[in-house]
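> Let the hints inform the model, and build the full structure from the sequences given.
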Amino acid sequence: MIHNIEGFCLPLLFRKHEVHILNDLPVSTVRLKIHCASADDDLGYNFVDVGKDFNWEFCATERTLFFCHFWWGAYNSKVFDVYNDLHYCVHDGEGYVEDFTKKCFYKVQIDGFYLGYYSKNDGQILYKKYRDW
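Take the sequence shown: its position 57, counted from the start at 1, is 55 in our numbering, and no numbers get skipped.
Just so you know, the hints here were simulated from the structure itself, not pulled from any lab data. Every residue gets a Cβ at the ideal spot worked out from N, C-alpha and C, and that includes glycine. Please note: incorrect hints may appear among the correct ones.
Mimicking DSSO-like on lysine-lysine, the simulated pairs with C-alpha atoms at most 27 Å apart in a straight line are [said to hold, decoys possible]:
(1) K118 to K31
(2) K76 to K118
(3) K101 to K14
(4) K31 to K126
(5) K100 to K31
(6) K50 to K76
(7) K127 to K14
(8) K101 to K118
(9) K127 to K101
(10) K105 to K127
(11) K50 to K31
(12) K127 to K100
(13) K100 to K14
(14) K14 to K50
(15) K50 to K118
(16) K126 to K100
(17) K31 to K101
(18) K101 to K126
(19) K31 to K14
(20) K118 to K100
(21) K105 to K31
(22) K126 to K50
(23) K100 to K76
(24) K76 to K127
(25) K50 to K105
(26) K105 to K118
(27) K31 to K76
(28) K76 to K126
Restraint-style ranges between C-beta atoms, simulated for each label pair [claimed, not checked]:
(29) F98 to D47: 27 to 35 Å
(30) K126 to G49: 14 to 22 Å
(31) K76 to D47: 16 to 24 Å
(32) D79 to K14: 13 to 21 Å
(33) Q122 to A72: 31 to 39 Å
(34) Y43 to F98: 27 to 35 Å
Shown next as structure tokens:
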């Protein structure tokens, strides 16, 4: 289910974007816990089951920023911005996603976080390693 932050975007002022968090951790592990928010919208604490996708859409401007705090097990914890850039999802996203990507995909695995985008040429989501735990 997609969480809709803003129901309507004015075409010339705002651009509708999405962030997806996919739990790709092993089946036999504890659930992934996340807390995502912006200055205006708190998506709360959520548990994402293995193979499931937590996602939301929003109207973005140059000042839009969403961060997520991730917990997995007793020792793995990470916080970082998942959206802060109209062009590449995040300011350091160039080389990870295509320019003007509107759907930002994060895949959480044992070795860390992968940032991806839907490639129209390949017809699939392409990921690159983005962060360690």
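> Does the alpha-carbon distance linking K118 and K100 stay inside the 27 Å limit?
12 Å, holds
> Please verify whether K14 and K50 have alpha carbons no more than 27 Å apart.
22 Å, holds
> Run the distance test for K105 versus K31: straight-line Cα separation, threshold 27 Å.
14 Å, holds
> Check the hint pairing K101 with K118 against an upper bound of 27 Å on the C-alpha distance.
12 Å, holds
> For a C-alpha distance cap of 27 Å, please report whether K31 and K101 respect it.
Holds, at about 22 Å.
> Is 16 to 24 Å respected by the C-beta to C-beta distance linking K76 and D47?
Because 19 Å falls inside the window, the suggested range holds.
> Hint check: K50 vs K31, CA-CA at most 27 Å. Holds or violated?
12 Å, holds
> Between the alpha carbons of K127 and K101, is the straight-line distance 27 Å or under?
17 Å, holds
> Between K127 and K100, is the straight-line Cα distance small enough, at 27 Å or below?
Holds, because 19 Å separates the two Cα atoms, which is no more than 27 Å.
> CA of K105 to CA of K127, is that 27 Å or under?
Holds - the C-alpha atoms of K127 and K105 are around 9 Å apart, at most 27 Å.
> Below or equal to 27 Å on CA atoms is what counts here, so check K101 against K14.
Since the Cα atoms of K101 and K14 sit roughly 9 Å apart, the hinted pair holds (cutoff 27 Å).
> Does the alpha-carbon distance linking K100 and K14 stay inside the 27 Å limit?
7 Å, holds
The earlier numbered hints that this structure contradicts are 1, 2.
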